[in-house]
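Novice: Next come the chains, spelled out residue by residue.
There are 2 protein chains.
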Amino acid sequence: MGETPTALEKLNIRRPTLVLDRARAVSNIERMAARASSSGIALRPHFKTHQSLGVGRWFRDVGVSTIAVSSVAMARYFAEDGWTDITVAFPVNVRELDDIAELAERVRLGVLVDSRDAARALARRAGAPLRVWLKIDTGYGRAGVAWDDGARITAVADEILGGSSLEFAGVLSYNGLTYMERTPEGVRRVHEEALDKLRAVRELLISRGAAACAVSIGDTPGASVGEDFAGVDELRAGNFVFYDLMQVGTGSCVPDDIAVAVVCPVVGVYPERGRVLLYGGAVHLSAESMEGEDGRVVFGQASRTWPGGAMPFAPVVSLCQEHGVLEADPRWAAGLKLGDLVCVLPVHSCLACDLYDEYVTLDGEKLGTIHKDGEA
Amino acid sequence: MGETPTALEKLNIRRPTLVLDRARAVSNIERMAARASSSGIALRPHFKTHQSLGVGRWFRDVGVSTIAVSSVAMARYFAEDGWTDITVAFPVNVRELDDIAELAERVRLGVLVDSRDAARALARRAGAPLRVWLKIDTGYGRAGVAWDDGARITAVADEILGGSSLEFAGVLSYNGLTYMERTPEGVRRVHEEALDKLRAVRELLISRGAAACAVSIGDTPGASVGEDFAGVDELRAGNFVFYDLMQVGTGSCVPDDIAVAVVCPVVGVYPERGRVLLYGGAVHLSAESMEGEDGRVVFGQASRTWPGGAMPFAPVVSLCQEHGVLEADPRWAAGLKLGDLVCVLPVHSCLACDLYDEYVTLDGEKLGTIHKDGEA
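Protein sequences, first through last, are from chains A and B.
Note that our numbering has the first sequence beginning at 1162, numbered continuously upward.
Note that our numbering has the second sequence beginning at 1162, numbered continuously upward.
One should not assume that every hint holds.
What follows is a list of derived Cβ distance ranges for each label pair [said to hold, decoys possible]:
| no. | chain 1 | residue 1 | chain 2 | residue 2 | range |
| --- | --- | --- | --- | --- | --- |
| 1 | B | Glu1241 | A | Ala1495 | 40 to 48 Å |
| 2 | A | Asp1259 | B | Arg1434 | 28 to 36 Å |
| 3 | B | Glu1263 | A | Gly1243 | 40 to 48 Å |
| 4 | A | Asp1524 | B | Glu1433 | 28 to 36 Å |
| 5 | B | Ala1312 | A | Ala1495 | 21 to 29 Å |
| 6 | B | Arg1350 | A | Ala1495 | 36 to 44 Å |
| 7 | A | Glu1526 | B | Gly1201 | 18 to 26 Å |
| 8 | B | Glu1388 | A | Glu1526 | 51 to 59 Å |
A short list of chain B residues far from chain A (calculated; beta carbon distances all over 10 Å) [claimed, not checked]:
| no. | residue |
| --- | --- |
| 9 | Arg1176 |
| 10 | Gly1224 |
| 11 | Trp1467 |
| 12 | Gln1482 |
| 13 | Trp1493 |
Straight line, CA to CA, 27 Å or less: simulated DSSO-like cross-link-like pairs of lysine-lysine [said to hold, decoys possible]:
| no. | chain 1 | residue 1 | chain 2 | residue 2 |
| --- | --- | --- | --- | --- |
| 14 | B | Lys1527 | A | Lys1533 |
| 15 | A | Lys1533 | A | Lys1171 |
| 16 | A | Lys1527 | A | Lys1171 |
| 17 | B | Lys1533 | B | Lys1171 |
| 18 | A | Lys1498 | A | Lys1171 |
| 19 | A | Lys1527 | B | Lys1533 |
| 20 | B | Lys1498 | B | Lys1171 |
| 21 | B | Lys1527 | B | Lys1171 |
| 22 | B | Lys1498 | A | Lys1533 |
Simulated from the structure, these hints should not be mistaken for laboratory data.
Glycine included, each C-beta is placed from N, C-alpha and C at the ideal position.
With the hints as constraints, model all of the structure from the sequences given.
Specialist: Laid out in structure tokens, this is it:
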């Protein structure tokens, strides 16, 4: 149940450090690969969560060969390591058309559009074939053509189908609404509502003459606890590799699935006010917060050793740039002294991990991220 | 009033870019230097906001020679550029005692402690002289000895005074409570309450035999609009170099003082739902939010050209990792198309700037940050 303080001591940590539990991450990867496989759908994990060649190779080890990323720069970074089938799962940025065309010469590249203008811009910048996904909004309201706006859906699809060098891949959606749910049952209901909508869109497009129309979905809660994947062709979830407190909050994982923590030195112990001060702030954890179980805002949950089992946590109740403040009851803080290390589970692992140049595994291995190994 | 779109176009922006208005930053620096000078106190600007050698030189140009930073690594970074009087304005991290001792050989180094344990740890690691500040909490509750805990104050001070190679510098405080205020009058009141407490602490220490006891304060709202600085020896504010929406909210500056914005390409225009989608998310702006004027949460304010004057803004109403969603009325969004650039004023400039390797000035000059030029 968790590593002893001595195990963390071996890592020679002096400053806030992003520590990765490789066994948990690999287990998370294997579990999701098995879920996809048992549902007969392709796994195209989103690599924006880890942004690391080293972690990417763990996916390759279980047979994954197709990935999603959130920027053209990230696609280039992974292409350098031999990934040849990459979807940039972010609406086409027309300021990067040359970068997209250059990359499409080297890998099988997918992009996504939700307007005729974007499809036309891609078609005008002729080059190597591009797989183009039509982004559909099933209710989240961030990007995409509304699932029930048949006229616009067919207009954008026609633009893609008519574009030389553009290959119509199908419909792609991100169901961020699952993050609002607090139980697996709630996630399943919202997941199934979105699938119904996507299947209707696919029917429309097939009836309008599309030869094929794949369906790609992408949220970690739905991917983790969903049961119905009928009609889905690929799963683009990403966060599941590390999970985090937000995912625990949706019922998509348990705390012991969380594979990353920011390990922070203690720089202040204030038993008289029930507070512990960490060297570890918003530049180490991100400023992301969530409601804790008692309705109060928390920025992380801290443990005295590597988190695992039924150990008690102390909430991070406020963050400044470099400071983190824990609310710690006497039992939790007992014996704590300056320089001790504390492990903080992040609210949102994607944002916390993006702040680092490298991961340190519990075994002391260092894995660089795009911020270290990628282009400037 | 503001740069034309053409001026931004000259910067060849393809992805979210941190753009800096040099004239505004220099004006902010000059104004704060004049305020400090007219009050007869030393300015020791906090460089954690910009973390850039280039921006640091603009301070040197107005005669600043003493600085504060928030980490030992940041102190090393600025020491390399010839800064020789540096306070690490963060509670001593005893895991970095060797780094502190090494740096103290090269520069006049200040550190801060709020416990006997920290003072003892510094004294045990004998080396070059260190200036040690006693950190006082005037009510913010983050770090420091409570201002009215005379026993602990004198105990920690005695520990510093008794430590060979430790020089007692005085008392240092950060009044984060000024950030809760919404008017200059409110900021002034909270600022003066804190000064009263610090002056009492100084009297106590002088009466107990301290030969000298400087007083150092550090918040940007108090530094920007405070009027009473009696008894204050130095001002460690930092955010004022760029300001941000949070500072506008406290009444410490006006929007035209804000010197940085994240310039983002438009990747979606949805007039039917009054939304515009930006390539620019929490990894470009930070996840920091604040209450807007109407009580709703905002993550930034967007303008169609470089912000200035009475131009209308559209609020960033949600952020994902790489996506930013603007709520845009038809007048604001009129004529907007894919690939247009939008300038987003950050809620908290310190956190937004920390996400970048470099600044691009409106003139196209690039200034590296610690993330580019500093140690790994």
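Novice: Look at each hint and say if it fits the structure.
Specialist: Outcome of the hint check:
A beta carbon spacing of about 42 Å between Glu1241(B) and Ala1495(A) agrees with the range 40 to 48 Å that was offered as a hint. About 31 Å separates the C-beta atoms of Asp1259(A) and Arg1434(B), a value consistent with the hinted range of 28 to 36 Å. Separated by about 42 Å at the C-beta atoms, Glu1263(B) and Gly1243(A) satisfy the suggested range of 40 to 48 Å. Distance hint for Asp1524(A) and Glu1433(B): a CB-CB separation of about 53 Å, inconsistent with the stated range 28 to 36 Å.
One distance hint, 21 to 29 Å for the beta-carbon pair Ala1312(B) and Ala1495(A), holds here, with the actual separation near 23 Å. For Arg1350(B) paired with Ala1495(A), a C-beta distance near 40 Å keeps the hint of 36 to 44 Å intact. At about 55 Å, the CB distance of Glu1526(A) to Gly1201(B) disagrees with the hint of 18 to 26 Å. The beta-carbon spacing between Glu1388(B) and Glu1526(A), approximately 56 Å, falls within the hinted interval of 51 to 59 Å.
Taking the minimum C-beta to C-beta distance to chain A, about 7 Å, the non-interface status of Arg1176(B) is violated against the 10 Å cut. For Gly1224(B), the shortest C-beta to C-beta distance to chain A comes to about 26 Å, beyond the 10 Å cut-off, and the non-interface label holds. Distance to chain A confirms Trp1467(B) as a non-interface residue, since its nearest Cβ pair spans about 18 Å, more than 10 Å. Distance check for Gln1482(B) against chain A: the nearest CB is about 5 Å away, which does not clear 10 Å, and the non-interface claim fails.
The beta carbon of Trp1493(B) is kept farther than 10 Å from every beta carbon of chain A, the shortest such distance being approximately 18 Å. The hinted pair formed by Lys1527(B) and Lys1533(A) meets the criterion: a straight-line CA distance of about 20 Å does not exceed 27 Å. As the CA atoms of Lys1533(A) and Lys1171(A) are separated by approximately 23 Å, the hinted pair is consistent with the 27 Å bound. Note on Lys1527(A) and Lys1171(A): the hinted pairing holds, with a Cα-Cα distance of about 13 Å set against a maximum of 27 Å.
Proposed proximity of Lys1533(B) and Lys1171(B) is supported: the alpha carbons are some 23 Å apart, at most 27 Å. Among the hinted pairs, Lys1498(A) with Lys1171(A) is consistent with the structure: their alpha-carbon atoms are about 18 Å apart, no more than 27 Å. As the CA atoms of Lys1527(A) and Lys1533(B) are separated by approximately 20 Å, the hinted pair is consistent with the 27 Å bound. Under the criterion of a C-alpha separation no larger than 27 Å, the hint pairing Lys1498(B) with Lys1171(B) is consistent with the structure, at around 18 Å.
Restraint check for Lys1527(B) and Lys1171(B): satisfied, since their Cα atoms lie roughly 13 Å apart, inside the 27 Å limit. Restraint check for Lys1498(B) and Lys1533(A): not satisfied, since their Cα atoms lie roughly 34 Å apart, outside the 27 Å limit.
In this structure, the hints that do not hold are numbers 4, 7, 9, 12 and 22, in rising order.
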